[in-house]
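Novice: Sequence:
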Amino acid sequence: MSQFFKKIAVLIFSISIIGSSYSQTNFSKKYFRSPLDIPLRLTGNFGELRATHFHSGIDIKTQGVIGKKIYAVANGYVSRIKISPFGYGKALYISHENGTVSVYGHLNEFNIHIDKYVKDKQYLEQTFAIDIFPKKNEIPIQKGEVVALSGNSGSSAGPHLHFELRNKKTEHPINPLLFKFNIIDNIKPRIYKLYIYPLDEYSYVNKSNNKNTFQVIGNNGKYFLKQKNAIIAHNKIGFALKTNDFLNNSRNKCGIYSIELRVDSNLIFYNKFDEFSFSETKNIKSYTDYNENIRHKNRFHKCFVQANNSISIYKKVKDRGIVNFSDNNIHKVKFIVKDVYNNTSILNFDLKSSSQEKSIIDTSYRLCTQIMPYGKINFFANDDVKIFFPENSLYSTLFFQYSKSEPVKGSLTPVYHIHNCYTPIKEKYSLSIKIDSLSDSLINKTIIAYVDKKNKMYAIEKKWKHEQNFIEIKTNKLGNFTVAIDTIPPRIIPLNFTESTNLNTLKNIKFKITDNLSGINTYNGFIDENWVLFEYDAKNHLLTYVFDEKIGKKNIHSLILKVSDRVGNITTYSHSLNFVKKSIGQQNEM
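So for the sequence shown, the working numbering puts the first residue at 3; every next one is plus one.
No lab work stands behind these hints, which were simulated from the structure alone.
Keep in mind that a hint or two might mislead.
Claimed, not checked - Only pairs whose alpha carbons sit at most 27 Å apart, straight line, appear in this in silico BS3-like list of lysine-lysine:
id	residue 1	residue 2
1	145	213
2	458	509
3	411	456
4	336	230
5	118	411
6	209	71
7	317	334
8	238	360
9	213	360
10	512	479
11	509	464
12	299	244
13	354	224
14	514	123
15	512	552
16	224	244
17	317	170
18	138	71
19	378	411
20	388	455
21	479	299
22	195	336
23	170	209
24	555	541
25	455	541
26	378	406
27	564	467
28	32	170
29	123	145
30	336	354
31	388	464
32	464	476
33	182	209
34	464	541
As the list claims (entries may be wrong) - What follows is a list of derived Cβ distance ranges for each label pair:
id	residue 1	residue 2	range
35	384	264	45 to 55 Å
36	89	139	35 to 45 Å
37	173	209	45 to 55 Å
38	386	464	19 to 29 Å
39	269	171	26 to 36 Å
40	570	471	15 to 25 Å
Note that CB positions come from ideal geometry on N, CA and C, so glycine has one too.
Turn these sequences into a full structure, and let the hints guide you.
Specialist: Put into structure tokens, the structure is as follows:
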């Protein structure tokens, strides 16, 4: 093919990919190669329901080890490099000619050229965590080039590659499986449970105003309800489904691609996980049953939409997916569940509609402290607390409840019960708690702590604001809060060497760093008074310095390691690094 026609083909493909809608026919099967040279077996897929977000890529097994070669899936250039102790850990972003960006997360290391580029920036800015945006074609990449080695960095539960494809223009993640990577899947989704919700005080299912759960039986794409008795429903009803997909050669439960709900052949609800915006992903708290998720880690797909929730995966929704059953007829209900390879499972059942009204009244509003309508600014205050909910912070009207109880061990104030932890919040709200008179030095050591069921305190936010005699945080979590003082500095514990260790036998030195309450804030190491790169693995509380050219050729070096928490407590660790003799260490706290 001539260069002219190649450019035309790329241009046409770019236009199709950057368009506002996606379908399987838009994607070339040959444009991308595999990011690994081993069989692609997934532990997670696109759109999968996670605790706090929709999964934005695919997780590929690396045979239980780190160090597998990671290949660029197409020609392009490095457009971003992000390193963090959390999230994707070491992550690489490559922009491609077709309007996509490929993302490679939880890496162990970059190739030698990218690694030098990154370390030069880290040493220049004296920071491990860094977010770099190289200029276009500053780091060109060829399809099939080894760009990194797989790892387990960041918030990873085990060695794997997190792989994404994004629309470069919108930055929306796109389902990578639409691009037909060499992944085998001829297994149909499995359906486990049906949930039916009465959605107002006059609605019921089988004489109950509470959510009803029904076991599902079947296989090979054909599913039915286990119970034989008719389901009787009245008024406003919502449905939800617990379902998963499986792929060949993997035991891991994965997410489905689409769900379609029909009542008497009428389309009520249709969603599809082809793409979404990162700004929407927090709305999984409304998409799933948040109460079930928090209490039991039970995640399923609600096929109706709360009043103040909108996600681009909702393709067609009639009356927010809410069905009004008010006649006395039997209705045919059908769920159609598909994976991205069009493997399909169907759940069929009958539902008896009832016109009979019952005196089922929801009395929750009578027990509440204040009714807070969604879509409006809401404020609550007393002598102890001030709470401000911005206009768009609630998914639905909140029957807000407030109370307080005795302090827990180590807390400075009573425990304030700000509604409950089982109710989702869409956007952050502000919570201010009054502090009795303290010295300035102690006020700056106070934090607002969350109190769990075992009365254990921990920080859920990274910043606190002190104003007059109040301390304030912004959070998207309801529940139990108190004020605590953190005067204890972080701990630094050497792991792989002692006073008698010959450091010539080591490639690195490792430390465990922990903090009792407010959390680790900064960590900086100096050898012979020069800053050196310590890498922080937050999930393992691990700080590592790999000996590099910065250490020089002297036999004896002085090490100083400083670690601070989020309220300014600092621990300084000093050590003589002796590559010939024994090393002598000491630790001072302040």
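Novice: Taking the hints in turn, state whether each one holds.
Specialist: We went through each hint and held it up to the structure:
no.: 1; hint: 145 x 213; result: violated (52 Å)
no.: 2; hint: 458 x 509; result: violated (39 Å)
no.: 3; hint: 411 x 456; result: holds (11 Å)
no.: 4; hint: 336 x 230; result: holds (16 Å)
no.: 5; hint: 118 x 411; result: violated (49 Å)
no.: 6; hint: 209 x 71; result: violated (59 Å)
no.: 7; hint: 317 x 334; result: holds (22 Å)
no.: 8; hint: 238 x 360; result: holds (13 Å)
no.: 9; hint: 213 x 360; result: holds (16 Å)
no.: 10; hint: 512 x 479; result: violated (35 Å)
no.: 11; hint: 509 x 464; result: violated (34 Å)
no.: 12; hint: 299 x 244; result: holds (12 Å)
no.: 13; hint: 354 x 224; result: holds (21 Å)
no.: 14; hint: 514 x 123; result: holds (25 Å)
no.: 15; hint: 512 x 552; result: holds (17 Å)
no.: 16; hint: 224 x 244; result: holds (15 Å)
no.: 17; hint: 317 x 170; result: holds (22 Å)
no.: 18; hint: 138 x 71; result: holds (24 Å)
no.: 19; hint: 378 x 411; result: violated (37 Å)
no.: 20; hint: 388 x 455; result: holds (23 Å)
no.: 21; hint: 479 x 299; result: holds (17 Å)
no.: 22; hint: 195 x 336; result: holds (14 Å)
no.: 23; hint: 170 x 209; result: violated (52 Å)
no.: 24; hint: 555 x 541; result: violated (33 Å)
no.: 25; hint: 455 x 541; result: holds (23 Å)
no.: 26; hint: 378 x 406; result: holds (26 Å)
no.: 27; hint: 564 x 467; result: holds (25 Å)
no.: 28; hint: 32 x 170; result: holds (19 Å)
no.: 29; hint: 123 x 145; result: holds (26 Å)
no.: 30; hint: 336 x 354; result: holds (14 Å)
no.: 31; hint: 388 x 464; result: holds (20 Å)
no.: 32; hint: 464 x 476; result: holds (10 Å)
no.: 33; hint: 182 x 209; result: violated (48 Å)
no.: 34; hint: 464 x 541; result: holds (16 Å)
no.: 35; hint: 384 x 264: 45 to 55 Å; result: holds (50 Å)
no.: 36; hint: 89 x 139: 35 to 45 Å; result: violated (27 Å)
no.: 37; hint: 173 x 209: 45 to 55 Å; result: holds (49 Å)
no.: 38; hint: 386 x 464: 19 to 29 Å; result: holds (24 Å)
no.: 39; hint: 269 x 171: 26 to 36 Å; result: holds (30 Å)
no.: 40; hint: 570 x 471: 15 to 25 Å; result: holds (20 Å)
Going down the numbered hints, you'll see the structure goes against 1, 2, 5, 6, 10, 11, 19, 23, 24, 33, 36, while the others check out.
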